[in-house]
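S.K.: Residue strings, one per chain:
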Amino acid sequence: MSSATVTTPADPAEATASAGPAIVVENLRVSFAGREVVHGVSFSAEPGTCLAIVGESGSGKSVSARSLVGLAGPGAEVRADTLSVGGVDVRGLGERAWRRIRGDRVGFVLQDALVSLDPVRPVGREIAEALRVHGTVPRADRREKVLELLRSAAVPDPELRAAQRSGELSGGLRQRALIASALAADPEVVVADEPTTALDVTVQAQVLELLADLKRAGRTIVLISHDLSVVAHLADHVLVMADGRVVEEGAAETILTAPREPYTQALIQAVPGAGTRGRRLSPVPPVPLPDRGRGGAVAREDADPDGPPVLVARDLVKDFPLPDGSRLRAVDGVGFALRAGSTLGVVGESGSGKSTTARLALALEPADRGTVELRGQAWSGLAERHRRARRGAISVVSQDPLSSFDPRWDVERILLDAVGHAAYPTAAARRERVTDLVARVGLTPDLLARRPLTLSGGQRQRVAIARALAPDPDVVVLDEAVSALDVSVQAQILDLLVDLQQAFGLAYLFISHDLGVISHLSDHVLVMKDGRVVEEGHPEQIFTAPVDPYTRRLVASLRSLGAGAGAGRPADHRPDLERTTS
Amino acid sequence: MTTTIETSPPETVPARRPAGRTAGAATLVLAVAGLAPWLLAPGDPDAIDLAATLRAPSAQHWFGTDEIGRDLYTRIVHGTGQSLTIGLGAAGVALVLAVLLALTATLTPRPVAAAADRVIDVLFAFPTLLLALLLVSVLSPSPRTLVFAVGVGVAPGYARMVRAQLLGVRDSPYVEAATALGHRRRRIVARHVLPNALRPLVAVFALSVGQCVVWASSLSFLGLGVAPPASEWGALLEAGRSYVTVAGWLVVLPGLAIVALAVTATAVGRVLATRLEPGE
Amino acid sequence: MTRTSPETAVPDAPVGDGPTARSGAAARRWAGRVGSAVIVVWGAATAAFLAQIAQPGDRATAVLNLRTGQVQERSPDELAPINAEYGFDRSAPGQYLDYLGGLLRGELGTSYQQHRPVWDVISEQIAPTLALSVTALVLAWVLMLAWVLLTAGRGRVAAGWGSAVDSFLASMPQYWLGVVLLLGFAYGLGLFPVVGGSGPVALVLPALTLALPLAGFLAQSTRTEFERVLEQPFVLSARLRGSGDLAVRLRHVLRHAAFAPLTLTGWALGATISGAVIVETVFTRRGIGRTLVSAVESQDLPIVTGIVVLTAVVYVVINLVLDALYPLIDPRVTP
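Chains A, B and C, in that order, give the protein sequences. In terms of the working numbering, the first sequence opens at residue 5 and continues consecutively. In terms of the working numbering, the second sequence opens at residue 7 and continues consecutively. In terms of the working numbering, the third sequence opens at residue 44 and continues consecutively.
For reference, chain A alone in the conformation it holds in the complex (with noise of 0.2 Å):
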């Protein structure tokens, strides 16, 4: 990759360090071949605050953070009146001089430390590297200060864990020794993008807490997050940014709670919670509902929410053969009844097992132990033959829907591979079934032509949903179906869940690591740990009065998040904010 090449449209007079503004940017502009996708932003951070950039993928807030480094991306050029890191203009610097910017003038973390800390050395010598790199410590030195670095960044037994890789660490412990690798040659800047979206929401805040640390300590700490929680916890100054603009810019105070832009409102009305259960959360209004079409447009008269549950698990165990030889067991004991017209949530961190529920649900995978029905009849342990008649009154929408879809064909032959021959025999019945389908799920029929890779994350993810409506199922399962998109869109596929649910008398077996979606969406909550269910009931209850102690841990993490206590700001009442993380 090659760094980015800076033009210097003003006079490049070399400023010296000072006192003021950790950074300024006046009117950054950043292109690619061209092609301009960052138009003009300006900001500046005094040393012991936080700003926040937010914005969704492709608002250009993580390009802007990278050209504080001269980072942005190979071939990008980077265009700026003012652009100054602790004083000192770096515009038009030379790789030599970025590199001495880089780690000591402003550190970076970025997202995930699994891939972001060379997975095949010890985070020892990561964190060492810098300090190698410029010179900061003696080389006799360095061990002790990896070590103290490691104690400041809050990861107990420094020695042991420097001895490390990252693919040996849990999600909590190598995200803060990425933090101090950032650390180490000891920067006034800290950029951090995105530092806690790739983490289990327990984890989170103490990441985001090790974060306002620094900024207590003087630090200057730029925070890029599509995460308006996130940004709660910690941030003085926010900044959203969309398409490469700035929409709005204020004090956090008053971009949470009274934003005044219209595209603000819309985000932060769009983040699921307790709170907004029953209330749209895009402002797209509902697809309306086309007439024709058999076994659709009405509500099925099983739809009862008291009636007989269409699919009951009991008592499932699932183990796993490891590669050391010995057995994890994924799934122990879980069971539980899904009644027609509801939800069922399932929430639990990475490894709780919840996914591998949601497979013996499917009977895409058999069971060690325990039994699945699916409307009153044995649904697991029978051959696959047995089962195929019946797949359709159970079907699946899962995280990543292109890698679930042939690559060669378009959307129509996916939609009309799904439609069942029995019930619509003649071609031009699936056809006109194919139609239907698109349009209930707001999708224009000119993209029937096209492949899901031509398709935005949500279009494919609608085309998933379409599918999975096709052969008139009574179960639809969801495995974390909204967990890779926007929050605008994902707001706008939830809307759609649930007026499917409604119109369809749909039961959901919904899969998610993000309590925010459970709660907005279900009618019961099991909360997953370790293949267990540690805690079950109506989503009110697991939020207001948890008994479990990890479910206890669970909820007040999230409040956590959602007060800001951390950034010594008062804990104010925010309830769409509250319960969030994506």
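Rather than coming from a laboratory, the hints here were simulated on the basis of the structure. Just so you know, not all the hints are guaranteed correct.
Per the computed footprint, the stretches of chain C lying under chain B, defined by three or more beta-carbons under 8 Å from a beta-carbon of chain B, are [said to hold, decoys possible]:
id : region
1  : 71–79
2  : 90–101
3  : 264–271
4  : 329–342
5  : 353–361
Using C-beta positions, here's what the derived DEER-type ranges look like [said to hold, decoys possible]:
id : chain 1 : residue 1 : chain 2 : residue 2 : range
6  : B       : LEU106    : C       : GLY75     : 39 to 47 Å
7  : A       : ALA387    : C       : GLY198    : 36 to 44 Å
8  : B       : LEU173    : A       : THR201    : 58 to 66 Å
9  : B       : ALA31     : C       : THR327    : 35 to 43 Å
10 : A       : SER407    : C       : TRP204    : 30 to 38 Å
11 : B       : PRO115    : A       : SER330    : 27 to 35 Å
12 : C       : GLY75     : A       : ARG373    : 23 to 31 Å
13 : B       : ALA119    : A       : GLN506    : 25 to 33 Å
14 : B       : ALA119    : A       : PRO142    : 54 to 62 Å
15 : B       : PRO115    : C       : ALA135    : 24 to 32 Å
Some residues of chain C that are not near chain B, with every Cβ distance over 10 Å (derived) [stated by the list, open to error]:
id : residue
16 : ARG133
17 : ILE165
18 : PRO378
Don't be surprised by glycine CBs; every beta carbon is placed ideally from N, CA and C.
Got chain A sorted already, so can you dock chains B and C onto it with the hints?
M.R.: Below, chains B and C alone, put in the same frame as chain A:
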């Protein structure tokens, strides 16, 4: 601006790259030389001229002449057909063998599949040339042996490749999605597994033609392939070998034709591979 | 080789099932690898045996004709001692067991033509070939790494040229490269000995002839991996820490990118041994390659199959050594 309405990325139109055009032109020249050599070289490839033996390349004889005064350019052009036939034949043998082995190793019941898996692994332990030489020593040299030996020699590498391809598709999320829709296994194999796994083979075939021509000519160079006086490129090499020190062009130029064919085949394979990418 | 997924096993404490369970599992994996190696050698031996009995015509007659240099009909009296000596009179399964038994004792059979153990013939010739193969392999790695480090991930133009050269080298016939080098450097410039010779200087051109196509082949897989790794977040992290480009390439990217070509090294050594067939012919060098060519010409099958089996053994041994080395390069690989 207000709410983000989902927008689609623009549909990409595959740009015709110059590499594709060059490869296409080279393929055309090879096809003409193979099917109608007299269009490129009107002379008689076997015309002897004892007054002009072992002449270096000149305006009169572009590629020089051999020990009995035959024009090397004419001989190379007229040998294209046989060389290409050998390459195509061997590549066909290789791919048929590779696909059969890989299909058996991935889509048949367990004990059979495991056995085929082992066969692929064992065969891969043999270097191409060694396997081909083993077959030649059993069957004695001839053009037919050459096609068979080279095809079998390069097959193990392709078998591993096709096997990986089949496994990737067989275990892909979209095959699982088809299972979840309740489709029969046979239908899933026919509609998803085979088309997606075998489609890249069109490109692989082009690549392997080049490779097979190189191996076949290597065997001919050793005197174990097509024998002189044929004007097949490998045979030209073998014939020219005795004169390397006095008339280097007799080896270098036929070799260059083989290099050109191999590079063309590689380029065509590359272009096909990107064109066949489902995204294009 | 198993590369554990990075998603698994992220305990906070260094737990697990203790050292005994792990070493037990490691022992099982090694048993599996050695088992696979034995199967490959056994498969090669079986193929070698099948090739011997598949030879058309009467083998005893072929042996006699080879020895005397005259092709003629032979009487049963003449053939009987040959049949007894080579065991041709035994049933096919019996001959197969004899052959496998011989291999277990380290015997590769008896040459039809030279009338002495194949092992003796091979061992006389193997040293110069091994020297050539190993030199070529090392040379190929050095050239390949330098070329990839220099050209991978340096923009479209460099990448295009880089991979064009890779595939050009990989598709270059060895005999042609050998002749061109010979004409250019030995005859033209007079820098190297033309024919035979010994010592390191005589090794340069033959080794280069084998190394260049191999380097192109290895570079193809290394380059793909190298460019993929350059895009990884941990590489960006290292740059954000202030590391220079060369340091990033050497310290981070190379180690990941070297993995894929390393897995091909066992195969590559086998390929250079068989490539010696051509190089030794071009440069008129002594070695196993020329022995092989003359054995193929005269259909002296025990020599051919002996070399085949030996190559398979080299292949599996190298692969077992590599299996032991992988964890050093990528600690995520379970030993």
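S.K.: Each of the hints needs a verdict: does it hold here or not?
M.R.: Verification of the supplied hints:
no.	hint	result
1	71–79	violated (count 1)
2	90–101	holds (count 6)
3	264–271	violated (count 0)
4	329–342	holds (count 6)
5	353–361	holds (count 4)
6	LEU106/B / GLY75/C: 39 to 47 Å	27 Å, violated
7	ALA387/A / GLY198/C: 36 to 44 Å	56 Å, violated
8	LEU173/B / THR201/A: 58 to 66 Å	32 Å, violated
9	ALA31/B / THR327/C: 35 to 43 Å	40 Å, holds
10	SER407/A / TRP204/C: 30 to 38 Å	34 Å, holds
11	PRO115/B / SER330/A: 27 to 35 Å	29 Å, holds
12	GLY75/C / ARG373/A: 23 to 31 Å	29 Å, holds
13	ALA119/B / GLN506/A: 25 to 33 Å	48 Å, violated
14	ALA119/B / PRO142/A: 54 to 62 Å	60 Å, holds
15	PRO115/B / ALA135/C: 24 to 32 Å	30 Å, holds
16	ARG133	20 Å, holds
17	ILE165	14 Å, holds
18	PRO378	21 Å, holds
In the structure shown, a violation is registered for the earlier hints numbered 1, 3, 6, 7, 8, 13, in ascending order.
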